[in-house]
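Residue numbers (my numbering): 12 to 617.
Check each hint, because a few of them may be wrong.
[To be verified] Derived pair list, reagent style EDC-like, types lysine to aspartate or glutamate, alpha-carbon separation capped at 16 Å:
#1 Lys250 with Asp261
#2 Lys163 with Asp76
#3 Lys443 with Asp575
#4 Lys163 with Asp261
#5 Lys250 with Glu586
#6 Lys533 with Glu595
#7 Lys61 with Asp76
#8 Lys533 with Asp575
#9 Lys533 with Asp478
#10 Lys590 with Asp399
#11 Lys443 with Asp581
#12 Lys533 with Asp76
#13 Lys443 with Asp399
#14 Lys295 with Asp581
#15 Lys443 with Glu559
#16 Lys533 with Asp581
#17 Lys402 with Glu331
Simulated from the structure, these hints should not be mistaken for lab results.
Please read all numbers here as calculations on a predicted model, not as lab measurements.
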Amino acid sequence: MAAGAGAVADDHDGDRDDFRRVQTATPIKHLVVIFQENVSFDHYFATYPKAQNLAGETPFVAKKDTPTINNLINPLDVNHNFGPLAGVDLINNNPNANPNNPVAPVPAATKGVPNKNGAGASNPFRLSPSQALTNDQGHNESPEESAYDNGKMDGFPVFVGTSGPPPAGLANPKGLVMGYFDGNTTTAIWNYAQHFALNDNNYTTQFGPSTPGAINLISGQTNGVSATLNVFDSSTPPKLLHGTHEAWGDAAHTSSNITEIGDGDPLMDVCSNPTLDQVTMAGKNIGDLLNARGITWGSFMGGFDLNVVNANGTTGCARETNPTAPGTPAFTSVDYIPHHAWFQYYASTHNPTHARPSSVAAIGHSLIPHTNTPEPANHNYDTHDFFDALKAHNLPAVSFLKAPAFQDGHAGYSDPLDEQHFLVQVINTLQKSPEWSDTAVIILYDDSDGWYDHQMPPVVNASTNPDVDTLNGVGVCNTSNGFQQGKPVPAPTLNGGFGQPEWGRCGYGTRMPLLVVSPFAKRNHVDHTLTDQTSVLRFVEDNWLHGERIQPGGSFDTIAGTLDHMFDFDDRREENPRKVILDETTGAVVFATGGDDDDRHDHDRH
């Protein structure tokens, strides 16, 4: 990272001059991480930058100099400088369209699971804006590993395709997993890619659903617990009650040595399900490191404020908002989902009662300003508190945002159109604030939802759990079988939370979008740097914490790729920082400044 001027960091009182005195390695003084739900890279970028532009849909026309990305229409060779793969037609001749694939029996078949795509076989296909509401797909760790079939990527319909209510006009429910959207639906995120920076080689830190992604984002370590509820039965030795949520870290089956591989709830959260498994993680997270340096930070989650009453009368843990996209959702969700609540899994950074901050001025602080009294919210807030803090010019240095469920993009209860509202609202509001001149927004996702992606990830951390791992065989995850991108074969195993190599963290996992939106982001840029969810963690550590890591030798941030190549820190326009304002409903460009003015006319003409 480029060196940045500044004095020793101090827990400030909201004055922007204090932010300028905080030492950072780059000009970025505010980082806003928008962590959305359940999208694979090809699910949103399969045909980027080409959209069909059918009548009645929001049009999208790309810049003429848009770089090629690794997607379904332009598959690239990750092992040879991302050159084109000749003769590969993933749209019309996809291995998942073969009903007899996977050819060889894969490990899940030994557990009584069907192992052929059969009637679910399908090529990838476009989902229109009118089909934005879809069913949720399978995305537990074992089925995902089986779908990847030792690098063949040919078992998606059979292993993660989910039967259920499809969108209008789709007769093959299990084939839905092969569906993708284009820029006529995901208009905003395509426009952000056009004007800022996109990474097409970014992955989940490990296979599996939401909770591992949330925990990895803030700690890079999903092994090791300090307390549990409803995790073990009463037998001796104990057995796991929820084998898709927790896994043994080793053959000794030590009760503290378990890995969170699924969606267990955080222990003690008043909104957690009392009948389901709950855990408190051992070890540290990025909040602990920021607190130790006096750097302000906050977790902002939709629905976290239990005092709010929604327009439909729902309140407390039962606050609920239905999506607004055309059609009927497969199911609905409360606004606040405990198993998405990253910092609630750690005793040092949780707010189990959802206590409110003492004031807007206190947001981001560990202590009530001008006192030695602990701040009751302990850095955990609602998304409306983010906007309140921004309006008061008290934005924390580091902010983690999770949309209310109906806007988080998770198939089943959310969709890309409702997600677009939240993304654009946050980014437009930031761009209209003075804080924008030194802000970076990172958009990324917790898991893929099981949606098809053609790119096999490199395996950088091995796991040999006989009850979970299926990637290379029964109980084996140690190679991508030809897609390692220079990483060692077989992959080593990082230490668990207690300092020894442990099972359950097979990764990297599924590929997903990562975008940087900032006055300092490169323009219309595609970065091929190998990154994962903990690359965001690394950016925070490098920018504010002098490169300190969570757990050297154990947490994934110690091996994470850098986001630096997505920035151009010489492109500084502090007097008039670059802005691209989008329409919250359509995602279309409203106006652009700072060198992107001509783009407004290109988009308006079509």
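Hint check:
1. Lys250 with Asp261: Since the Cα atoms of Lys250 and Asp261 sit roughly 13 Å apart, the hinted pair holds (cutoff 16 Å).
2. Lys163 with Asp76: Status violated; Cα separation ~33 Å.
3. Lys443 with Asp575: 25 Å, violated
4. Lys163 with Asp261: Violated. Lys163 to Asp261 sits at ~28 Å, over the 16 Å cutoff.
5. Lys250 with Glu586: Violated. Lys250 to Glu586 sits at ~61 Å, over the 16 Å cutoff.
6. Lys533 with Glu595: 23 Å, violated
7. Lys61 with Asp76: Given that 16 Å is the threshold and the Cα spacing comes to 13 Å, the pair holds.
8. Lys533 with Asp575: Since the Cα atoms of Lys533 and Asp575 sit roughly 10 Å apart, the hinted pair holds (cutoff 16 Å).
9. Lys533 with Asp478: 44 Å, violated
10. Lys590 with Asp399: Roughly 21 Å separates the two Cα atoms, so the pair is violated.
11. Lys443 with Asp581: With Cα atoms ~22 Å apart, Lys443 and Asp581 exceed 16 Å; violated.
12. Lys533 with Asp76: 14 Å, holds
13. Lys443 with Asp399: 14 Å, holds
14. Lys295 with Asp581: With Cα atoms ~34 Å apart, Lys295 and Asp581 exceed 16 Å; violated.
15. Lys443 with Glu559: 33 Å, violated
16. Lys533 with Asp581: 10 Å, holds
17. Lys402 with Glu331: 26 Å, violated
Consistency note: the structure conflicts with the earlier hints numbered 2, 3, 4, 5, 6, 9, 10, 11, 14, 15 and 17.
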